[in-house]
Amino acid sequence: MVKIRMARGGRKNRPVYTIVATNSRSPRDGQFLEKLGQYDPKAATAIKSVNIEGIKTWLSKGAQLSDTVRTLLKNNNIKL
Numbered sequence: 023m024v025k026i027r028m029a030r031g032g033r034k035n036r037p038v039y040t041i042v043a044t045n046s047r048s049p050r051d052g053q054f055l056e057k058l059g060q061y062d063p064k065a066a067t068a069i070k071s072v073n074i075e076g077i078k079t080w081l082s083k084g085a086q087l088s089d090t091v092r093t094l095l096k097n098n099n100i101k102l
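The opening residue of the sequence shown carries number 23 in this note's numbering; numbering runs sequentially from there.
In case anyone wonders, no lab produced these hints; they're calculated from the structure.
Careful: at least some of the hints might be erroneous.
List time: in silico DSS-like cross-link candidates among lysine-lysine, alpha-carbon distance up to 25 Å [claimed, not checked]:
#1 K64 to K83
#2 K101 to K83
#3 K101 to K34
#4 K57 to K83
#5 K78 to K25
#6 K25 to K83
#7 K96 to K78
Could you put the whole structure together from the sequences, leaning on the hints where they help?
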């Protein structure tokens, strides 16, 4: 099953998350199918870039949003 979730990057005490479409059985920071956006929790604008069309495409193919990504998109008024 494909999930849209966040992969951690950045450095110690300064995380930057990448929103990715990945196989649900692969590790959090492992191989992914497509990069869909970036989230920086400590920046003024938390969501730097989001490929909304890419997310819609993956959802139409049966992918599921993780709870964290769903909440993040909802709190930033991004409609799917």
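Exercise for the section: Would you list, in rising numerical order, the hints stated earlier that this structure does not obey? Expected result: Failing hints, ascending: 1, 3.
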